[in-house]
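Asker: Start from the sequences and build out the full structure, keeping to the hints where you can.
Those protein sequences? They're chains A and B, same order as listed.
Residue 0 is where the first sequence starts when you use numbering that gives the first Met the number 0, and the numbers rise one by one after that.
Residue 0 is where the second sequence starts when you use numbering that gives the first Met the number 0, and the numbers rise one by one after that.
By construction, these hints were calculated from the structure, which means they are not laboratory data.
Fair warning: this is a prediction, and the values are worked out from it, not measured in the lab.
The C-beta atom is built at its ideal place from N, Cα and C for all residues, glycine as well.
The hints are all genuine.
Here are the simulated DSBU-like pairs of lysine-lysine, each with C-alpha atoms no more than 30 Å apart in a straight line:
1) K161/B with K232/A
2) K246/B with K232/A
3) K232/A with K266/B
Covered stretches of chain A, as calculated for chain B (at least 3 residues, CB under 8 Å):
4) 12-21
5) 27-40
6) 86-92
7) 98-111
8) 137-147
9) 221-231
10) 242-250
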Amino acid sequence: MSGRHGIAKSRWLPAYVGLYLAFLYLPILLLPIFSFNNAAATTFPLAGFTLKWYASLWSNTVMLEAARNSLFVGVCVAILSTSLGICAARAITRYRFRGREAANGLLMAPLFLPEIIVAVSLLMIILQIGIELSLATVIFGQTVFCLPYAMSVLTSGFEGFDRSLEEASLDLGETAFGTFRRVTLPVVAPAIVSSLLVSFTISLDEFILAFFLSGTEPTLPVYIWGQLRFAAKLPGVLALGSIMIALSITLLTVAEIIRRRAERRIQGA
Amino acid sequence: MTALPASTIAEPDGPARARWADSDEAKGLMLVSPTLLYALALLLLPILIVFAYSFWSQDYLTIDRTFTLANYRTALGEPIYQDLLWRSLTISLVVSVITVTVSYPIAWFISFHGGIHKNLWLFLITVPCWTSYLLRVMSWKVILGYQGVLNTGLMSTGLIDKPVTSLLYNSNAVVITLVHSWAAFAILPIFVSLEKIDRSLIEAAHDLGDNKFRSFLRVTLPLSLPGVISAFLIVIIPTVGDYVTPKLVGGKDGVMIATAIQAQFGKGANWPLGAALSVTTMVIVSAMAGAVVLALKFFVRRIR
Numbered sequence: 000m001s002g003r004h005g006i007a008k009s010r011w012l013p014a015y016v017g018l019y020l021a022f023l024y025l026p027i028l029l030l031p032i033f034s035f036n037n038a039a040a041t042t043f044p045l046a047g048f049t050l051k052w053y054a055s056l057w058s059n060t061v062m063l064e065a066a067r068n069s070l071f072v073g074v075c076v077a078i079l080s081t082s083l084g085i086c087a088a089r090a091i092t093r094y095r096f097r098g099r100e101a102a103n104g105l106l107m108a109p110l111f112l113p114e115i116i117v118a119v120s121l122l123m124i125i126l127q128i129g130i131e132l133s134l135a136t137v138i139f140g141q142t143v144f145c146l147p148y149a150m151s152v153l154t155s156g157f158e159g160f161d162r163s164l165e166e167a168s169l170d171l172g173e174t175a176f177g178t179f180r181r182v183t184l185p186v187v188a189p190a191i192v193s194s195l196l197v198s199f200t201i202s203l204d205e206f207i208l209a210f211f212l213s214g215t216e217p218t219l220p221v222y223i224w225g226q227l228r229f230a231a232k233l234p235g236v237l238a239l240g241s242i243m244i245a246l247s248i249t250l251l252t253v254a255e256i257i258r259r260r261a262e263r264r265i266q267g268a
Numbered sequence: 000m001t002a003l004p005a006s007t008i009a010e011p012d013g014p015a016r017a018r019w020a021d022s023d024e025a026k027g028l029m030l031v032s033p034t035l036l037y038a039l040a041l042l043l044l045p046i047l048i049v050f051a052y053s054f055w056s057q058d059y060l061t062i063d064r065t066f067t068l069a070n071y072r073t074a075l076g077e078p079i080y081q082d083l084l085w086r087s088l089t090i091s092l093v094v095s096v097i098t099v100t101v102s103y104p105i106a107w108f109i110s111f112h113g114g115i116h117k118n119l120w121l122f123l124i125t126v127p128c129w130t131s132y133l134l135r136v137m138s139w140k141v142i143l144g145y146q147g148v149l150n151t152g153l154m155s156t157g158l159i160d161k162p163v164t165s166l167l168y169n170s171n172a173v174v175i176t177l178v179h180s181w182a183a184f185a186i187l188p189i190f191v192s193l194e195k196i197d198r199s200l201i202e203a204a205h206d207l208g209d210n211k212f213r214s215f216l217r218v219t220l221p222l223s224l225p226g227v228i229s230a231f232l233i234v235i236i237p238t239v240g241d242y243v244t245p246k247l248v249g250g251k252d253g254v255m256i257a258t259a260i261q262a263q264f265g266k267g268a269n270w271p272l273g274a275a276l277s278v279t280t281m282v283i284v285s286a287m288a289g290a291v292v293l294a295l296k297f298f299v300r301r302i303r
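Answerer: Encoded structure:
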């Protein structure tokens, strides 16, 4: 059987794709399933439906504090890495300058470094300077790590931008700032929103840097890590984890929809 | 609004200055500099400091800054660190090979049969990988554990009558979990390189008498090699230093180098040794990645 371009279209391939998707999704779906299970053990058959694990989260002040920390860190990381990402992505897509490749390489480097080494090296320099570990150090550390992701969303958003629109605006007497605000920004805004959401999601789920740099105020993943040692705490963790997974998937879906709409808009412009 | 400074700096002082300040060079550098300085201060500088530390020594809490190779002698000479490094490299090499192999058909499927839904497919496949890494590892603990889903499931079907203990807490569990974590990240680069292949080349190979398999081997595979290589690198480099997976599902036989690195930085143990272990890991993984890249290129030249 042969498809377009004489490319083989086999029957086993879709089956393989299905299997692969099952491999990707089933482990993650297990957490929500067991979070509604009326027993502390994670075994089949299920013992019955309950919401008590979710209910117990609301009275868990330590967890709520960690959640607040995570939200605060996430918002700061999203803003910081997106702002820094805008500068770099715009410079790299718009101008040709010496060291452009090197700058891009450095910014993307965290993708190609073992994360523990980024964490450890940041920890060393922070303790060396004598700064106390806090949520601020987590924010600065996670921003380094989020930059490559913010950059890739932003560069793809900025790349298709038609420069003649800006030139026209300048020719028509608009100032450089006015042009940025009224011409450039509306076109690239979706990429910016998408970058904010992606960075926020990464920060929310990021563990290693938070683990090394957080001092006495844990973020949610650090809190979860502490709970994993106790088998009795597992159901609570499953409930919390299910909420986090749902939140991540929602945010990513929104980011993707916005990014696509942006792509279409640039193509149409 | 961070892009503002660059667009407002072009106030001409004199003709020559104005010309440079107006150039792409100046504007680009001005605009990129906040981000670049950030990365220099929080990424490059810390790594250089780790490098420096690896040649120093520590006596209780004071750092002795005389040059020494003693840390490297320990990192490369002590059996325990040799074992950990060796195991980390083997595990992440196995993980990378498996991940790339199982991901290639998916990338191929999306690129050649994805139709107008390519983006949707990619999104579907990447979503699980963005959800909490910690929780994904934990879910494998739930699956593979003694009282886990797999054991209880197999028992209820009657295939086994006693739980299998060898599922969790070993290097196999680490490999499975890491493959699950990195699968989607491997698909993306392979997909991108497959997208770049001119489809008429494949048609030409068919017209010239190659069967499907030969045309895949001689046209598609070699042309997608850059994607395969970057997929490989994207998996092998981070997995060598993975901390969470070995800790949660590795057990005694699944401990990897990150645990040792962390131990040297915790409780003021021995920073210089921890630094040397980090540098050694980075150097070895880069060398190994380089070797694999060369081997793949050589292999492709042979089948062509």
